[in-house]
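Number of protein chains: 2
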Amino acid sequence: MATSEQSGSIKKTSGGVTAARGFRAAGVKAGIKIADRTDLGLLLSDTPCAAAGTFTRNAIRASSVDWCSEHLPSSSVRAVICNSGCANACTGEQGENDTAMTAVLTSKVCEIPTDSVLLASTGVIGKFLPMDKIEKALPEAKNALYSGGGTDFAAAIMTTDLVKKESSVEVMTGKGVYSIGGCCKGSGMIHPNMATMLGFITTDAMIPAEFLNPIVKRVVDRTFNNLTVDGDTSTNDMVLVLSNGASGISVAQKEELEAFENALYIICSDLCKMIAADGEGATKRVEIQVKGASSEADAKKAAKSVAGSNLTKCALFGNDPNWGRIACAVGYSGAPFSNESMTINLCGVTVFRNLQPVPFDEKMLHEKMKEKVVTIEIDLGIGNSTAIAHTCDLTYDYVKINAEYRT
Amino acid sequence: MATSEQSGSIKKTSGGVTAARGFRAAGVKAGIKIADRTDLGLLLSDTPCAAAGTFTRNAIRASSVDWCSEHLPSSSVRAVICNSGCANACTGEQGENDTAMTAVLTSKVCEIPTDSVLLASTGVIGKFLPMDKIEKALPEAKNALYSGGGTDFAAAIMTTDLVKKESSVEVMTGKGVYSIGGCCKGSGMIHPNMATMLGFITTDAMIPAEFLNPIVKRVVDRTFNNLTVDGDTSTNDMVLVLSNGASGISVAQKEELEAFENALYIICSDLCKMIAADGEGATKRVEIQVKGASSEADAKKAAKSVAGSNLTKCALFGNDPNWGRIACAVGYSGAPFSNESMTINLCGVTVFRNLQPVPFDEKMLHEKMKEKVVTIEIDLGIGNSTAIAHTCDLTYDYVKINAEYRT
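Protein sequence lines correspond, in order, to chains A and B.
One point on numbering: in the numbering used here, the residue at position 303 of the first sequence is 336, and numbering is uninterrupted.
One point on numbering: in the numbering used here, the residue at position 44 of the second sequence is 77, and numbering is uninterrupted.
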C-alpha cells in the first residue's frame, strides 16, 4: 500500500528531537529513578523558538503542566528539562516551588531566561522531586548536549517504556528543506485527553506561534487523543512543539501550513503507534478504524469505545475472535449506526453484518490474530466520517507491572 | 456498626426469589453450556404479578431485552425463563424468533398466556439458542418447580460466577409481614448503565405496577448502576421485579412505599456487593464512598471514575497504597472538588488532603489492604451529596478468564 509517509515531498529520517537543525539534547543519570538508568533529559535550541503545547484535561495537574500552559504559546522558548521517575503531581505548594526552582537552575546552567524554560515530569504521583540530585546533574546535562543527542533525551524520559519512541521527517518545499522530529514516552496511564504522557517535537521550520498553536491542537486531537492503553488520563500529559526556524524556511502561507500539518500528523501518528505497541504488558498493537460515521465525533466515540474495552483487549491477547465484545463496545459507545449495513471486520475478515453473525473460519482467524498488529475495521453504515483509535491488548503483564509498580 | 440492614422493621432472611410467598422456581440442565451444569432457570408465580424492569442502555440489545422492555411495566406477569451459556445477542431475526418461540413454549408448558412470560439470556454473544434443547428441558423445569427452588434458579443463571448471589428480607408493617427476595448473576462485562447482568427480585407485597416502576428505577440507579467490574456494559443487562401480592399486604401509601423502597435498596445493594466480590478474577471487593459532592450526579461521577480505573484496581490487587492513582481518577472524573479540603482515605487511613500527600505508615497500610473488603473514602469538600460505587480488583485471573473464554 502506498502511504502518505513515503509519498510527495515528505521523507522519513532519523534523529528524533535533534533531527531539526539548531537543537541539541542530552540525557543523564540524576539518580531520581531507583533503577540505574538515565532520568534527566535536556533539550536546548541555539535560538528562541515559537512553541505551542497541549495539556492533560485532568483537573489534578502536575505543576510542570501548569508552568508550561502558563508560558505557552510563546515565541521565546529555549529549553525543555524533563525528568522521569517522579511525576511531581499531587505535591501541593512544595511541588510548585520545586518546579519553579528547576526552571531557575536550568536557566542559570544554560545561561538563558527562566521563562524560556519548559518543564515536564513523569513517574510516581505524590512524591517530591529530589532537588539536590537535579541541581547536581544539571551541569552534567548541559555539558553532554550535542546535535545527535535526541536519542539520549528519548531514553532519559522513559519509565515503564521498553523502547525509545522517536520519529522524524524532512519536508521538501520550493524554498528548500526543513525537518520535524519528535520523541515521546508513554506505556501506562495512557488515555490522553488533549495530549499523551509527554511528547516533544522540534522543527527548524520558521512557523509563527499563532499558526503553530491551532495546528498542534488539531493534529494532537487526531492522534494522541485517540490513543488509549488503560483508560487512565494522567496528571502529567503534555505535547510540546518547538520551532526555531534554523532551516531559514518560513511556513506561513496556506499550502505551506497544510504541508506542515500533514508532516506533523505523520510524526504524531507514528509516535502514537509506538506507544500503543509498547503499552504496558502489550503483546500486540491494535488499530481500530471506523468509517461510515455521521460525524468525526461519532467515529471517534465508536473507535475509542472499542479501544477502551477490557474484554475486547483480553480476547485480543488470547487471539480469540470473540467479535461479540467488539459489537457490544460499539453498542454502548453512543455512536449511531445502521442496523442494515453496520459491518465489523477483524484482521480483514467480516464477522458481523446486518446485526447478524457472518460465518467464518475460526481457526484461520485465530492464527491471523497472532500478528504483531491487529486491525479492527468498523463501518457504521450511515455517513462518510472516519477516525482511527490506537491501543494494545490487555495481558497478565499489564496487571503484574501495575500491581508491583512501587513494591 | 449498626446498619440499616438490621434496624427497624426489616429482617434478613434466606430463600432468594422464592423467599416471597406464591413463587416457585427451578433450575435444570438443558445442555446449553459446554460445562455439565444447570443452565435453564424457571420462575413461576401462582398468580399474576405487577412487574417492572430496567434494561441495558447498550444500543445493541439482545432480543430478550427487547421482549421484556416491550412487555413492562405490566400487571399480568406469571413467569420468567432464563438461560445461561448463550446470550442470544447479535443474532438478528433468527434471534428474535427464538426468543418469541421460547416464550410460546414456556407458556404452553406452564399453561399461562404467552405475554405473561418474561425472558432473559446470558452467555456468549453471536451464537444462536439451541431451541431443541430448550424445548426438551422445559417440561423438566416445570416439573422441578417448588417453593424452595430459588437457589436452583440462582445456580442455573450463573456463567463465570463462582458463587450464587441471593438476598432476601422480611418487612414488618402494621398490616403484617411481607417478603422481598432476589438473585442475580454477573461477574464480567459488568458496567451496568440501567441494570446489571440479570437481576430478579420478587415480592409478595401487593404493589401496583405504576408505583413499582419508579421505585425500581430509583433503586437500580443507586445500586446496580454504580457497579463496575470492567467498564463493559453488556448487551443483555436487566433487572426484573415481580410483585404477586400473595402476602395480602398492599403497599400504596407514602410511608409504605418508602419502606418498600428502603427494603428493595437493601436487596439490590446486597446483590451489588456480591457481584463485585465475585467479579471475574477478583481477590477482593472494593467500595468507593464519596461524600462532600455538590450533587449526587457529581458524587457518582467521582466514585465511578475511581471504580473504573484499571491502574487503581491493579494497585489494589498488589496491596500497594499507591493513592496517586485514586487522586488521578478523581481528577479526570469531571466532578468538582475543593483544592483546600478534598480528602482521600484508604482503608480508613488519610493519604491525601489539601492537594498534598499526608505521611502514613506504608507497611501498615499494605497489610490493611489485604482484607477481603477495601474501602476508599473520598470527601470532595464542596457540598453534601454522597454516592457509593462498587467494584473489585483487576488481577491476572481476570485476564486469564477473558483471554481464554471460548477457547
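Simulated from the structure, these hints should not be mistaken for lab results.
There could be a bad hint or two in this list.
Copies of the same chain look alike in the list, so a pair counts if it works inside one copy or between any two.
As the list claims (entries may be wrong) - Listed below are the simulated DSS-like cross-link pairs for lysine-lysine, each with C-alpha atoms no more than 25 angstroms apart in a straight line:
#: 1; residue 1: K324; residue 2: K45
#: 2; residue 1: K433; residue 2: K403
#: 3; residue 1: K250; residue 2: K169
#: 4; residue 1: K433; residue 2: K166
#: 5; residue 1: K141; residue 2: K401
#: 6; residue 1: K141; residue 2: K62
#: 7; residue 1: K405; residue 2: K433
#: 8; residue 1: K160; residue 2: K396
#: 9; residue 1: K396; residue 2: K66
#: 10; residue 1: K403; residue 2: K250
#: 11; residue 1: K433; residue 2: K44
#: 12; residue 1: K197; residue 2: K141
#: 13; residue 1: K44; residue 2: K306
#: 14; residue 1: K160; residue 2: K401
#: 15; residue 1: K334; residue 2: K396
#: 16; residue 1: K45; residue 2: K66
This one's a predicted model, so the numbers in the text were calculated from it and none came from an experiment.
(request) Indicate which option fits the pair K396, K66 if close means a Cα-Cα distance not exceeding 25 angstroms: within, between, both or neither. (result) between (45 angstroms within a copy, 21 angstroms between copies)
(request) Classify it for me, K250 with K169: is the Cα-Cα distance of at most 25 angstroms met within a copy, between copies, both or neither? (result) neither (36 angstroms within a copy, 62 angstroms between copies)
(message) When Cα atoms must be at most 25 angstroms apart, do K141 and K62 count as within-copy, between-copy, both, or neither?
(response) Within one copy, since 20 angstroms is at most 25 angstroms while 78 angstroms is not.
(message) At most 25 angstroms between alpha carbons: which applies to K433 and K403, within, between, both or neither?
(response) both (22 angstroms within a copy, 17 angstroms between copies)
(request) Tell me, please, which holds for K433 and K44 at an alpha-carbon limit of 25 angstroms: within, between, both or neither? (result) Neither, since 40 angstroms and 43 angstroms both go past 25 angstroms.
(request) Could you place K160 and K396 in one of the four classes (within, between, both, neither) given a Cα distance threshold of 25 angstroms? (result) between (49 angstroms within a copy, 17 angstroms between copies)
(message) Please sort K160 with K401 into within, between, both or neither, judging by C-alpha distance up to 25 angstroms.
(response) between (44 angstroms within a copy, 22 angstroms between copies)
(request) Indicate which option fits the pair K403, K250 if close means a Cα-Cα distance not exceeding 25 angstroms: within, between, both or neither. (result) neither (35 angstroms within a copy, 44 angstroms between copies)
(message) For K45 and K66, with the copy left unspecified, which applies at a CA distance of at most 25 angstroms: within, between, both, or neither?
(response) neither (33 angstroms within a copy, 53 angstroms between copies)
(message) I want to check one pair: K197 and K141. Are their C-alpha atoms no more than 25 angstroms apart within a copy, between two copies, both, or neither?
(response) neither (29 angstroms within a copy, 67 angstroms between copies)
(message) One pair to classify: K334 and K396, alpha carbons no more than 25 angstroms apart. Within, between, both, or neither?
(response) neither (31 angstroms within a copy, 42 angstroms between copies)
(message) Checking an output row: K44 and K306, CA cutoff 25 angstroms. Within, between, both or neither?
(response) within (18 angstroms within a copy, 57 angstroms between copies)
Hints 1, 3, 4, 5, 10, 11, 12, 15, 16 from the list above are not met by this structure, while the remaining hints are.
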